[in-house]
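Participant: As a plain string of letters, each chain reads:
2 protein chains.
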Amino acid sequence: MKLICKKNDLLSGVNITMKAVSSKTTMSILECFLIDATEGKIKMTANDMELGIETVVQGEIIEPGSVAIEAKLFSEIIRKLPDNDVVIDVDNEYKANITCENAKFNIIGRDGDDFSYLPEIKKEKSISISQFSLKEVIRQTIFSIDDKNNNKLMTGELFEISGNNLKVVALDGHRIAIRNIELNAEYEDIKVVVPGKTLNEISKILNGGVDDIVNIYFTTNHILFEFDNTLVVSRLIEGEYFKINQMLSSDYETKVVINKREMLDCIDRATLLIKEGDKKPIIITIKDGVMEFKINSFIGSMDEEIYIQKEGKDMMIGFNPRFLIDTLKVIDEEQINIYYVNPKSPCFIRDDEGKYIYLILPVNFSVANN
Amino acid sequence: MKLICKKNDLLSGVNITMKAVSSKTTMSILECFLIDATEGKIKMTANDMELGIETVVQGEIIEPGSVAIEAKLFSEIIRKLPDNDVVIDVDNEYKANITCENAKFNIIGRDGDDFSYLPEIKKEKSISISQFSLKEVIRQTIFSIDDKNNNKLMTGELFEISGNNLKVVALDGHRIAIRNIELNAEYEDIKVVVPGKTLNEISKILNGGVDDIVNIYFTTNHILFEFDNTLVVSRLIEGEYFKINQMLSSDYETKVVINKREMLDCIDRATLLIKEGDKKPIIITIKDGVMEFKINSFIGSMDEEIYIQKEGKDMMIGFNPRFLIDTLKVIDEEQINIYYVNPKSPCFIRDDEGKYIYLILPVNFSVANN
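Protein chains in written order, with numbering that gives the first Met the number 0: chain A, 0 to 369; chain B, 0 to 369.
For reference, chain A alone in the conformation it holds in the complex:
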């Protein structure tokens, strides 16, 4: 095999596929890229058996062939080469000669046949969405998964399509994040659970362009994302997702409208007084026109008032400040609505248009200690 590619084209292929290279494995072939130039295109593939990524690299094929090559080393070599044409020349014993200007590297590759290609995905059920929307919806929900939970369903996100609506849901035992996105067409109903790791990696690869489209294909066991020159295939998580609707409620006793930035900065400051592992709640007291935030730990105490609009009863309620911060960070609106029922029930942060609902469980606190 002999190829000529521009350094930057190779590097962008390397950066994309690197996301599916296994870092902890006893199977050394999973630590490799496959470079396949047998079919008139230069395809670079990585596959850790859960997640697989294939991308096409621009370049010239002088002699067709394929080789599997240690991904980390190859990526570091490409990164450090001068910004010029790179020649990759692999002989019959898979010795790879990488040349750029006066620099010559010799490394040992492996037979491409040892490599597991991506599974074949039937392109039947699908939707189209902009890269921007997909990247945003992942950012706005992924923090609510529990990626260490034994219940695999909590390590993924529900993608539910019905009509022209895509609903994305993430939850751990303490909170739920729900986002609804309007799609550009009506689609068949689909309901799958996508691994959080897949979504994290794909959101790093997406350029996030408003006008760039991702086609997403669904089969029983797999999801395929197709965009730019890249394919990302992932296994789905099996099982019936949680019944979200039973956990939601639109009743409330108290509604607060508050400036998001002020609330976020205030809680962020308060967390200075909590050492890691300490489970001190932040205590929120809602009164007419003002919300008071208090925290009290063995390090010190902090309180701060923020002006609000309030409807309904006064209330005192405690939260894990981390959960509030995570949620406030992903809401772009300047003013937010928070709905409270009572100090033992979850609060809901939601907009009037139904674009998002965030549910957060309160924590118990003893007034005496705070």
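Accuracy of the hints is not assured; some may be wrong.
No copy is singled out in the list; a pair is fine if it fits within one copy or between any two copies.
Think about it this way: if two alpha-carbon atoms lie no more than 30 Å apart in a straight line, the pair counts; the simulated DSS-like pairs of lysine-lysine are [what the hints assert, rightly or not]:
id, residue 1, residue 2
1, K203, K79
2, K274, K196
3, K71, K1
4, K190, K18
5, K121, K166
6, K71, K328
7, K343, K103
8, K328, K312
9, K354, K190
10, K278, K328
11, K1, K124
12, K293, K71
13, K309, K328
14, K121, K293
15, K6, K190
16, K124, K259
17, K293, K328
18, K196, K6
19, K151, K328
Since the hints were derived computationally from the structure, they do not count as laboratory data.
Given the coordinates of chain A, assemble chain B onto it according to the supplied hints.
Facilitator: Same frame as chain A, but now just chain B:
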């Protein structure tokens, strides 16, 4: 004590003095700042007994007094406050109330009398130098100290003043870095060894301005740096520094003039093939008009040629690539001169004006393996 300071003035004081706060100590008072407003100025001080920093913070003293306050917590609180006036109010029991806009923090301070003030330094022997020159000369030499060596002299740098010349020297067992700086006046002869830690910290505080002056005062046991509103005091390292001149030589068999950037990039690439802890040398072959760099490890091999101007004999010599990289990084000249004697003797990288000399010992290598 009651003070009003702008958040950013406080923060800059915090950032400067933080460098002398001890992180590993059993004496909790060393983890504190002292805020002293007893003498008409707001002085913030930290002192880990080796290194002490005192800086004046702009602000208004409503009520004089002093307090010692846990440095890390205080710095985090100040950092996260809104960008506005901060009121620090400390009562007789050293409870500190920190207020900014609607945010109120209460933390516990300590009696300022428990705190070790900086040692009194007699301002007799001194020099003046620009912040730019001091910051540069530290950067250009500090990498050659051996901060873990049992010989304390190797953990510091020689500062030797003679006439209008400041010579700064750093060395470990394998290399020497020497920089000469012309001072703006003639000074008394001085020869001291300054701890590397002090120089590292001070170079982070210096703004590096060409027109900003640092006054440096010397006593038998201490060095004092005075600049902007800040004083930095450090103990000196005791003992007679190494006799550098005996290690230098101006004889050579081969002189090479090479492009620094090309040589640095080439060696940087070559190190990809060396895993940490592996002591593979880079082998340099000097021929007419060209220098060849080769590395050969169990990962793979690399070779590259760079065009040079050469005087004298051909030569083959091996180096620890890390040492070459460290040195090349701090030389600003585009073309450098390297002088070689033989494969067992150090090479010298030096300019014609005597501004710098870098000595690097070669390593043994067997030609058969490379």
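Participant: It remains to establish, for every hint, whether it holds in the given structure.
Facilitator: Hint by hint, here is what the structure shows:
1. K203 <-> K79: both (22 Å within a copy, 29 Å between copies)
2. K274 <-> K196: both (28 Å within a copy, 29 Å between copies)
3. K71 <-> K1: For K71 and K1, the Cα distance is within 30 Å only inside one copy (21 Å; across copies 57 Å).
4. K190 <-> K18: Cα proximity of K190 and K18: one copy only (25 Å, versus 55 Å across).
5. K121 <-> K166: Cα proximity of K121 and K166: one copy only (23 Å, versus 73 Å across).
6. K71 <-> K328: between (33 Å within a copy, 25 Å between copies)
7. K343 <-> K103: between (67 Å within a copy, 27 Å between copies)
8. K328 <-> K312: within (27 Å within a copy, 66 Å between copies)
9. K354 <-> K190: Cα proximity of K354 and K190: one copy only (19 Å, versus 71 Å across).
10. K278 <-> K328: within (21 Å within a copy, 47 Å between copies)
11. K1 <-> K124: neither (38 Å within a copy, 69 Å between copies)
12. K293 <-> K71: Classified as between; 21 Å across copies, 48 Å inside a copy.
13. K309 <-> K328: Close inside one copy (22 Å), not across copies (60 Å); limit 30 Å.
14. K121 <-> K293: neither (55 Å within a copy, 50 Å between copies)
15. K6 <-> K190: neither (41 Å within a copy, 51 Å between copies)
16. K124 <-> K259: Neither, since 39 Å and 58 Å both go past 30 Å.
17. K293 <-> K328: within (20 Å within a copy, 51 Å between copies)
18. K196 <-> K6: within (29 Å within a copy, 41 Å between copies)
19. K151 <-> K328: So K151 and K328 pass the 30 Å test inside one copy only (26 Å; across, 49 Å).
Checked against the numbered hints above, the structure breaks hints 11, 14, 15, 16 and satisfies the rest.
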